[in-house]
Every structure is written in structure tokens, then in C-alpha cells.
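Protein chains: 2
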Amino acid sequence: MSNLRQMTDQAGEWLRGAGPHSEIVISARIRLARNLAGYPFVNRANRRQRFEIVERCRTELTNGRLAGGVLWVSLQESTELDRQLLVERHLVSRQHAQAGEDLPRAVAIGTDETFAIMVNEEDHLRMQVLRSGFQLVEAFEQINRIDDVLEDNLEFAYSRRFGYLTACPTNVGTGIRVSVMLHLPALTLTGEIEKVRRAARDMHLAVRGMFGEGSEALGDFYQVSNQTTLGRSENEVLADFQTTVVPQIIAYEQQARQALLRQKLSQLDDKVWRAWAILTHARSIGTDEVLSMLSHLRLGVNLGRIDTVDIRRINELFLLTQPAHLQKITGREMDSATRREVRAQLIRQRLGAR
Amino acid sequence: MSNLRQMTDQAGEWLRGAGPHSEIVISARIRLARNLAGYPFVNRANRRQRFEIVERCRTELTNGRLAGGVLWVSLQESTELDRQLLVERHLVSRQHAQAGEDLPRAVAIGTDETFAIMVNEEDHLRMQVLRSGFQLVEAFEQINRIDDVLEDNLEFAYSRRFGYLTACPTNVGTGIRVSVMLHLPALTLTGEIEKVRRAARDMHLAVRGMFGEGSEALGDFYQVSNQTTLGRSENEVLADFQTTVVPQIIAYEQQARQALLRQKLSQLDDKVWRAWAILTHARSIGTDEVLSMLSHLRLGVNLGRIDTVDIRRINELFLLTQPAHLQKITGREMDSATRREVRAQLIRQRLGAR
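Chains A and B, in that order, are what the protein sequence lines are.
Quick note on numbering: the first sequence equals residues 1 to 354 in my numbering.
Quick note on numbering: the second sequence equals residues 1 to 354 in my numbering.
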């Protein structure tokens with residue numbers, strides 16, 4: 001799968017650091033879950049059926065009708081490193097990457113990486129659109145276009161009563177999951193982040209770390225997503241995020257940032273410059289510390305406290321410093337200690353330090 | 001006491017970073033305790049007697065017979081900031097600085113700061129010679145010359161049976177205390193420092209931090225000193241340090257440093273460069289962190305891993321970043337938060353960072 005190699009040269013569109021409110025909203029993601037009519041769900045299907053599902057989808061997804069073209073990756077034939085690479089790029093879920101060697105499964109990736117369609121994950125089809133900044137409406141339009149294209153030739157399992165049928169009841173109905181990745185360093189520094197967490201829980205929203213379920217919130221990055229889809233229309237779920245949840249969190253974070261600028265400028269600058277210092281001088285560094293330092297640096301750039309680097313480069317480093325990316329870039333497998341050294345070296349190079 | 005002002009321009013001779021084994025031995029210090037015959041010890045003397053002791057010593061210490069000349073500082077008339085400054089420069093003890101306002105007391109400081117003589121500390125006279133590097137013999141010769149000069153005109157309390165009489169029994173006899181300040185970062189990094197501590201305790205040596213009794217060992221700096229003087233000649237005490245204690249610790253530290261170079265070069269470089277990074281970029285920093293960072297930087301320079309700064313400048317920063325020095329340099333009293341900022345600024349300036 002040498003075509004995955006070129007991926008490591010840069011980050012996907014969602015890390016471009018552009019889009020509305022990109023100083024706080026890293027990316028917006030919409031996912032739809034669909035299953036082919038006439039087949040059991042993946043966990044109930046036998047080996048032959050699973051193969052048929054993959055082949056049926058492959059035919060449909062690679063027929064050239066999806067805008068921009070796709071890269072088809074057969075996961076059970078991929079190396080572990082390649083699968084890990086796709087996880088780091090948010091193109092497949094950790095579960096999809098780590099499923100047994102004998103589960104036929106795949107992912108179809110849009111050439112610009114704005115969309116990815118997992119085949120035989122929990123559902124037959126899990127489509128996602130991932131866009132930089134707060135482009136939720138654009139993401140919704142794009143995923144609907146994809147959904148429409150696929151529905152021309154594939155029949156999805158659908159119930160008049162429940163809507164789209166899915167393997168897990170929390171996705172039944174519209175099958176839509178909306179999530180936004182937020183950078184909330186000021187709320188974290190001031191401790192107000194707990195209020196946001198509580199408010200999100202009260203609204204039945206999940207708050208997770210950068211790498212989804214089971215990942216801790218590191219480096220002040222938080223993924224906020226809806227939990228259930230039954231009984232609510234896609235538009236309602238979307239409207240919640242578009243008009244209430246995200247704008248409110250953005251406003252809180254902006255207030256906290258202004259408070260830092262007014263009342264704690266010295267501490268703020270200290271954090272920002274120390275982050276820059278560590279990133280440009282460390283000779284050995286782990287991913288957690290990188291995430292934390294990049295977070296402070298990103299805050300500093302966004303608040304105009306430092307201008308030694310731009311947001312796009314910072315965003316790229318989030319990705320390129322991950323273990324699989326590092327190993328793809330250097331073209332060799334490395335133990336953790338070596339990775340720490342190579343990671344530090346890569347960061348210094350990318351930031352123009354010696 | 002405006003004549004203390006100029007002190008803050010640089011560090012004393014003991015921080016010159018020169019002298020034998022200065023990569024490990026920061027300084028060697030010898031102290032003698034003496035009391036005037038015919039007067040009670042300080043804690044038993046009345047106010048009039050205490051004044052007389054100070055006056056008697058002032059006459060003798062400022063008569064021009066001490067080589068290089070002295071600066072006479074009357075401590076009860078000094079500001080708290082000036083007294084703190086003298087403590088930071090190791091010219092008076094913390095106890096001497098903090099004694100009550102009404103205790104007449106003083107210190108006579110050699111112009112090059114290689115010696116200081118406290119009057120009315122625990123004993124009537126506490127003379128110390130403090131030299132950079134492992135110059136114990138030189139220090140011993142110098143303090144003997146001072147002792148001889150003073151004994152020409154002052155009669156010291158002496159007992160045929162016990163030797164020189166002192167207020168505290170641990171100093172009776174020769175009244176000599178020898179101490180060396182050691183920089184042991186490699187033994188600290190490898191954890192072997194605990195062995196050194198245990199060995200020192202077994203030899204009845206005290207191991208303390210940079211600022212003497214009650215101070216923690218910070219930044220990998222350790223003061224090793226003898227505990228008792230009764231029953232041992234000055235020469236015996238001195239020979240212990242000169243031929244056994246210090247050379248052995250030096251050898252251990254050198255072995256540990258070589259082991260770091262051979263086996264943990266990446267971790268070593270990481271520590272060194274991070275220290276340089278923090279010191280040249282922080283916008284707010286406390287004394288403990290400065291000590292720790294300067295320690296790593298000093299190790300890096302001594303092992304040839306970094307050449308952005310020389311040892312003398314590093315040694316100066318140990319002193320100039322202390323609270324009283326900072327306030328003398330800027331000419332104003334500052335709260336702790338402001339000191340942290342000014343300290344960071346001073347370090348950046350001295351290290352040539354922006």
C-alpha cells in the first residue's frame with residue numbers, strides 16, 4: 001500500500017487551520033451509519049456475507065461517481081503500521097483498524113481526505129465527512145451528496161417506524177453523529193472547562209479527547225458529539241450544534257482568552273514561550289507533551305503573542321508527530337525511545353530550529 | 001549602605017568558575033570560630049558588652065592590616081534587603097542576618113569577597129575564607145594569615161585542655177569548619193547520590209543545600225562539611241577533605257558523567273537543551289527552577305554538549321537571580337510574582353536571548 005506513503009507529506013483538509021472560527025474549532029465531522037438491505041449486521045454476518053458486503057461496496061464506491069475520486073484500502077491486507085496511520089489521520093476508527101485479521105473490511109478515502117467511508121465497521125457503511133473549522137453546514141451538504149450517490153445503486157436497511165437501521169440502537173433513526181473538535185486552552189487554564197463538561201453532559205453530549213472514544217483530553221483538545229439519534233431529525237441534531245452548543249462554547253473560550261490577555265498576560269506569555277522553547281530544543285519528546293506544547297503555542301499564535309510559526313504548521317505537527325506517521329516518514333519501524341528522539345528532531349526541523 | 005550596591009554587578013571570587021576541579025567543586029570554604037578573652041559568649045553578654053565586642057573588633061578589622069582592605073557593614077543598621085543580599089552572597093549566615101534589630105553585630109568583608117568575618121554571630125568572631133574551585137589549601141593558608149593578624153592584637157579565649165573555646169561544643173578545639181560546595185548532577189540523575197549521602201553520614205559529615213543549614217539540596221548542589229572539631233587537629237580535618245572525601249566524590253561524579261555520555265547521551269542532551277530553552281524563553285520563573293535549569297546547563301557546558309554560554313556566566317546567574325540581588329539590581333522592592341518576571345527577563349538578557 002505504497003499509496004499511503006504520500007499521505008505523510010502533509011495533513012488532511014481538516015487540519016488546514018482554516019474555516020470559520022478555526023482559532024477554536026479545529027474541525028467539524030458528520031458521520032452517517034448505513035447498512036445494506038438483505039444482509040445481517042456485520043457482527044451477525046458469516047464470512048461469505050462479509051466478503052459480499054465488501055465487494056458490493058467496493059464496486060459502488062470505486063465506480064468514479066464520488067466527486068474527486070477515492071483511494072480504496074483493504075484493511076485486512078494492510079500492515080498494522082498503515083492501519084495505525086489511518087487512525088491517526090482520523091480516516092478509520094481504532095476499532096476498525098484493530099479488528100481481527102480475518103474480518104474482510106475496507107475504507108474508501110476521498111482524495112482530499114474530506115471524506116472516508118468505512119466498510120464492515122460496526123455497520124456495513126460508516127461514512128464521515130471531516131472539514132477544517134466550523135464548516136458543519138458544508139459537511140452536512142457534502143455527506144448528503146455522498147449518501148444520495150450511494151443510495152442510487154445500494155438499498156439501505158430502513159424501517160418506516162425507526163428510520164435507518166443500525167447495529168447499535170444509539171444510532172438508529174437518522175444514524176447521524178455530529179462532532180466538533182475544539183481547542184479550549186483558555187477554559188482549561190482557568191479551570192472553567194469543568195463547567196463546559198457538565199453542561200455538555202446535561203445536554204446528552206459526549207466529551208472526548210482528540211482521538212475519540214477512550215482517549216483522554218490531551219493538550220486541551222476536546223471532541224464534543226451527540227450521543228443518540230433516535231427520535232430526532234438530522235436537522236434538529238445539526239441545529240443544536242450549529243446554533244447553540246458550538247457558538248456557546250466558542251463564546252466561553254473567547255471570554256476566557258480575553259480574560260487571560262487582560263489579567264494574566266505574563267503567565268500566558270510564559271506558557272507560550274516555554275512551549276516554543278521546548279518544541280525547538282527538546283532532543284527527546286513524547287506525544288502527550290507535544291500535544292500539550294502545541295496547544296499552548298497554538299493559543300499564543302491565535303492571540304498574537306508569538307509569530308514564529310503559523311497555525312497550519314502547528315496543526316500539521318499534531319499529526320506528523322504521531323507514532324505511525326513518524327515511522328512512515330522515516331521509513332522504518334522504531335521503538336518508543338527512538339521515536340521520542342526522531343519526533344524531537346522532526347519538530348525542530350519543521351519549526352526551523354537547529 | 002550604598003557601597004553594597006556595586007556588589008550586584010558581579011559574583012564574588014568563589015563563583016568565578018575557575019580553580020582546580022571547578023567542573024565539580026564550585027567552591028571550598030574554611031571557617032574559624034574565635035571569642036575574645038574576658039567577655040562572655042554572645043548569648044550571655046549584655047548589651048554594653050556586645051557593643052564593646054563590636055567596637056573592639058571594628059578597630060582591629062578596619063585598621064588596614066588585613067590584606068586587600070575590608071568593607072565594614074554594621075548589620076543592625078542595615079536594611080533587611082541588604083542583609084538578605086549578604087546571605088545570598090554567602091558573606092553572612094542566615095542567622096546573623098535575621099538576629100534581632102537590637103543585637104549589635106557586623107561583618108567585615110574582604111574587598112575581593114574571598115573572606116568575611118562576622119562579629120557577634122554565635123561566636124564573637126566567625127572568620128571564613130571562600131574560594132572558587134577546590135582551593136582548600138589556599139583557603140587554609142589565607143585564613144591562617146587572617147587569624148595570625150588578628151591574634152597580634154586580640155586575645156582569644158583558649159583552654160590548654162580544650163583548645164579554642166566556642167559557644168557551641170561542636171566547634172570547640174580548633175573551631176575549624178571545612179565545607180565544599182559540589183555540583184553533582186550526574187550522580188543525581190543516576191540516583192547514586194544517595195550512596196554519597198550515606199557515605200558522608202557515616203563519616204560524620206553534613207550534606208546540605210546551596211544555602212547551608214536548613215536549605216534543601218536544589219539544582220544538584222550539595223554542601224559537604226565536617227560536623228565536629230573537638231579532638232581533631234585542623235590538619236587532620238583538612239587532610240580528610242583534601243585527600244579522601246572530596247577526591248572520592250569527584251571520582252564518583254566523573255564516572256557517572258562518563259556513563260551518561262556513553263549510555264544516555266540523548267537523555268543528557270535533552271536535559272541540557274531543555275534547560276537552555278527554558279532559561280532563554282521563560283517569561284516568569286522561580287529560584288528553584290532556575291537552580292535546576294542552571295545545573296543542567298552547567299553540566300552540558302562542562303561535558304561539551306552545548307557552547308552557547310560559559311561557566312562564569314552560569315555561576316553569576318545563580319547569584320544574580322536570588323531575590324535580594326534582583327531587587328538591588330532593579331533598585332526597587334518587588335512582590336514574588338513581579339520578581340519571577342524580572343528574573344526571567346534578567347536571565348534572557350544575560351544569556352543573549354530576546
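Mixed in with the good hints, there may be bad ones.
If you only want the chain A side, here are some residues facing chain B, beta carbon under 8 Å, derived [unchecked claim]: (1) 79; (2) 255; (3) 259; (4) 262; (5) 263; (6) 267; (7) 269; (8) 273; (9) 274; (10) 277; (11) 278; (12) 281; (13) 288.
Between beta-carbon pairs, the in silico distance windows are [as the list claims (entries may be wrong)]: (14) 267/B to 79/A: 54 to 64 Å; (15) 262/A to 336/B: 51 to 61 Å; (16) 352/B to 338/A: 26 to 36 Å; (17) 329/B to 227/A: 55 to 65 Å; (18) 264/A to 352/B: 50 to 60 Å.
If you are wondering where the hints come from, they were derived from the structure by calculation, not from laboratory data.
Glycine included, every Cβ here is placed at the ideal spot set by N, Cα and C.
Cross-check of the supplied hints:
Nearest Cβ of chain B to the Cβ of residue 79/A: about 27 Å, over the 8 Å cut. The hint is violated. Checking residue 255/A against chain B: minimum C-beta separation of about 23 Å lies over 8 Å; hint violated. At a threshold of 8 Å, the smallest CB-CB gap from residue 259/A to chain B is about 17 Å, leaving the interface hint violated. Among the interface hints, the one on residue 262/A is violated; its C-beta lies about 16 Å from the nearest C-beta in chain B, farther than the 8 Å criterion.
Contact between residue 263/A and chain B, as hinted, is not supported at the beta carbon level, the nearest pair being about 12 Å apart and thus beyond 8 Å. Interface restraint check: residue 267/A against chain B, minimum CB-CB distance 6 Å, threshold 8 Å, status holds. At a threshold of 8 Å, the smallest CB-CB gap from residue 269/A to chain B is about 4 Å, leaving the interface hint in force. For residue 273/A, the interface hint holds, the least distance from its beta-carbon to any beta-carbon of chain B being 4 Å, beneath 8 Å.
With a least beta-carbon distance of about 6 Å to chain B, the hint placing residue 274/A at the interface is held under the 8 Å criterion. Interface hint at residue 277/A: satisfied, since its Cβ lies 3 Å from the closest Cβ of chain B, which is below the 8 Å cut-off. At its closest, the beta carbon of residue 278/A sits 6 Å from a beta carbon of chain B; the interface hint therefore holds under the 8 Å criterion. For residue 281/A, the interface hint holds, the least distance from its beta-carbon to any beta-carbon of chain B being 3 Å, beneath 8 Å.
Of the supplied interface hints, the one on residue 288/A is violated, with its beta-carbon coming no nearer than about 15 Å to a beta-carbon of chain B, more than 8 Å. Checking the proposed 54 to 64 Å range against residue 267/B and residue 79/A shows it is violated: the Cβ atoms sit about 31 Å from each other. Restraint check, residue 262/A to residue 336/B: a C-beta distance of roughly 21 Å breaks the suggested window 51 to 61 Å. In this structure, residue 352/B and residue 338/A meet the distance hint of 26 to 36 Å, their C-beta atoms being roughly 33 Å apart.
Separation of residue 329/B from residue 227/A is about 58 Å and conforms to the stated range, judged on CB atoms against 55 to 65 Å. Evaluation of the 50 to 60 Å hint for residue 264/A and residue 352/B yields a failure: the beta carbon distance comes to about 28 Å.
Checked against the numbered hints above, the structure violates hints 1, 2, 3, 4, 5, 13, 14, 15 and 18; every other hint is satisfied.
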